[in-house]
Amino acid sequence: MSGMVENKGLNYWLTHVGLIFGVLVLFFPLWLAFVASTVTNSEVIHPPMPLWPGDQFFVNYGRALIEGDSGQTSASVAKMLLNTVTVAIGIAVGKIAISFTSAFAIVYFRFPARKFFFWLIFLTLMLPVEVRILPTYEVVAGFGMLNTYSGLIFPLIASATATFLFRQFFMTVPDEIVEAARIDGARPMQFFIDILIPISRTNLAALFLIMFIYGWNQYLWPLLMTTDPSMNTIIMGVEQMIGGQDDVTPWPVVMAASMMAMLPPIIIVISMQKLFIRGLTDSDK
Amino acid sequence: MEKRVYFKGWFLPVLLITPQLLITIIFFFYPAGTAIWWSLFNPDPFGLSTKFVGFANFDFLFADSYYIESFYTTAIFSSLVTFFSMGIALYLAVLADRLIKGAGIYKTLLIWPYAVAPAIAGILWMFLFDTQTGLISWYLGLLGYDWNHLLNDTEAMGLVIVASTWSRVSYNFLFFLAGLQAIPRAIIEAAAIDGARFWRRFWTIIFPLLSPITFFLVVMNIVYAFFDTFGVIHTITKGGPGQSTTILVYKVYSDGFVGLDLGSSAAQSVILLVIVGFLTILQFKFVEKKVHY
Amino acid sequence: MAGLILKNIKKSFGKVKVIHGIDLEVEDGEFIVIVGASGCGKSTLLRMIAGLENVTDGEILIDNIKVNDKEPMDRNIAMVFQNYALYPHMSVFKNMAYGLKIAGLPKAEITERVSQAATMLELDGLLDRKPRELSGGQRQRVAMGRAIVRQPLVFLFDEPLSNLDAKLRIQMRLEIKSLQQRLGTTSLFVTHDQIEAMTMADRMVVMNEGVAEQIGSPMDVFQKPETVFVAQFIGSPAMNIIKAVSDKLSLKLENGSSLKCLTQSNGDVLVGLRPEDLIPDKKGEIVMVVKLFEPIGASTILHGTLINSDIKIVSVVQGLFSPKEMLSEMSFSISPEAIHLFSRDTGKRIVN
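Chains as they are written, first to last, in my numbering: chain A, 1 to 285; chain B, 286 to 578; chain C, 579 to 930.
Among the hints, a few may not be true.
[Stated by the list, open to error] Derived EDC-like pairs: lysine to aspartate or glutamate, alpha-carbon spacing no greater than 20 angstroms straight-line:
(1) C/Lys685 <-> A/Glu138
(2) C/Lys672 <-> A/Asp194
(3) B/Lys336 <-> A/Asp194
(4) B/Lys293 <-> C/Glu649
(5) C/Lys821 <-> C/Asp743
(6) C/Lys708 <-> A/Glu138
[As the list claims (entries may be wrong)] Covered stretches of chain A, as calculated for chain B (at least 3 residues, CB under 8 angstroms):
(7) 102-109
(8) 251-258
(9) 262-269
If you're looking for bench data, these hints aren't it; they were derived computationally from the structure.
Every residue gets a Cβ at the ideal spot worked out from N, C-alpha and C, and that includes glycine.
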């Protein structure tokens, strides 16, 4: 703790003031969005908007959930949430499944071209999907996977960031445990299931959370490849609810949808805070 | 790379690595390769004809004033977002680190924005500054200032920067806090005994010890500003007004998907690929010291 | 019937030769200690027997069956690791049962074997605990339990006591030895601690840089070391080795002193004198200029140099001396039978 030596008095209060100010700045847009989601359209259209929640909570959220924006360019929020949950889980599970197994193969075996494959995978690090959107679109279209869950999921699990992370983790598992397992008679897959997976529990959980949120918050890719509104995910779907300059945007309903779009990841981050933070700081370095 | 212990046999590992390999090849390398191909071949979007144009697409890009402008826009945008989001985060992290108790509560209160998608962040801030109904723009109007980010370049840029920064502060905060808490207390106490007051301690000891994290975050924030902010820009300004907020990745999208110029868009993708590749190498050379091959 | 046979075992890592040809015949039920300094190859040797390293040349036979190409699990061996290597997520019971579970033993038998081993090792109340809840000594016993339940033909111990504190180490030494005697299983025990080797071994293999310099009982190794290395490695404080010239009737030490000793050799030799064999004698030939002394309770270790020279010499004398009582020079004599002779060229023992 850097300031441990000087703790009471003016410094102490200034510290809290500074932090509280930061907290307020971060909360401000969220709060206003929430307020907007509980008031009527006219209250929003005629500024200034009230700063305290109104009474339209159930009206707005209900409308968002069931109608979306009355079927203009988006589906109901309920459907979009379903899509998003499916895609997010698909991405998290998919990515972890293929990465964990390939990291296992790379670390615990020797096979021809092993180093080559390692470098191949390494090449995909940090090259986000945005760099290859158009050709990926062609590929997905070619497979007939536009407007499908698979089309939404596969391109987003193709980079090998998780493989790399698991590899780094496996390197920290003591050799002797593997040797003891070999002496005990464990075949590779027995070692994998009986020992490696349980030992990796925390990493798996943390990475699942991070990937779930990553998948949930995807914007560009779903935007491109879902032309059918019923396949929209919620993040891009909310944007579609906002009309152009000529249309009147139904802000309360849009804000209700935004709140519902934000809430699940926020709840995850806060309730699994420790695990989540560990996953971020351990894995990104 | 060399771990002492391994299992014998090659069939099983090849089997295990195949799913990853297949998906990575089909959905990563093949599209990336296609992007390079298109950049050299300038196909028309309907797949009717292609012709080899060599580096013509690239030449054209670098002669295109819009593209050069996009470079500048991206440079300004990413440096400002990086600077502000890291600066604010560092400030908050230093404050939080000074607390003996209560740091945990602030942590919880400050990390949740990480969960908010940049696109949603864009919508939230756009709502605040909406030309007709935005609360802040209305108050600015009362003060005599007519806010309209749909017409004013600088305001548009300012708004996307604010939204992007807001979105990123918590990520940086987490890392800075972790870095600060990892500094051995003994070093700080020794400095305090040596008579160094807080700011001196900060600049001569703490900040240098944070430099690996700082470097790491700079790279990660630049990548974030290059790519993840697509959502912010698309929701607030759609690259406008004019092309004043069209960062490079946005241009790839608008030229390719909206303008249907596949060759140019592909060339732009390739250029971005090179930039990110360079950043990745930088990252690994200087940060990932514990990686052995 | 021999339990374990090593025939001319050689090992290279790439071009680097680490083991240069080791032969060993272990009787069924024998406790063999492989002892040597770090890097001498003892762990590598053990791991080759376990099947964790490939044998570059030579044969390993367990129960008269060649096992070079067999996987560890097919060799009927069990190993206790220096760092215990317990599965961190499994309870003590599950740790011990794992190998049996894989072998497909029926649940009842697994439970029986594990309970027996637990009782033998005093782990009864701990069967549900996880390794992180155990002390170092307890973990070590679980590791041994894991080995015992498999009822192998050979136990392999890879420096299992190195991570324990001194007092625990001594206690575990006795426990391991008595356990092994009870079970009667052939055992190979690797350590760098020569005292451990001396107290536990039926026979010892003293290794140095990939070569087995001597194989024999602790008594043999101590009383008749075959090489200078063995002479200095075994016994504490280490044997004094002094250059000398022999003329069959006496030995002229490098500092000029002369010892009466009938030998068959002529010329340059190395003389070995154990510190505890030096007897204080006012008329003794060996005169030490005392530089430092260490009182260790019932005796005192003296460090100094031979008179008229810089040659270091160490002796052990009975009794406690205070600084005032300490003389600056002490004379010693030694019985001719206690003098060890080694060839200056080869370092090998010369028989008196």
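Q) Hints broken by the structure, by number, lowest first? A) Violated hints: 1, 3, 5, 6; rest satisfied.
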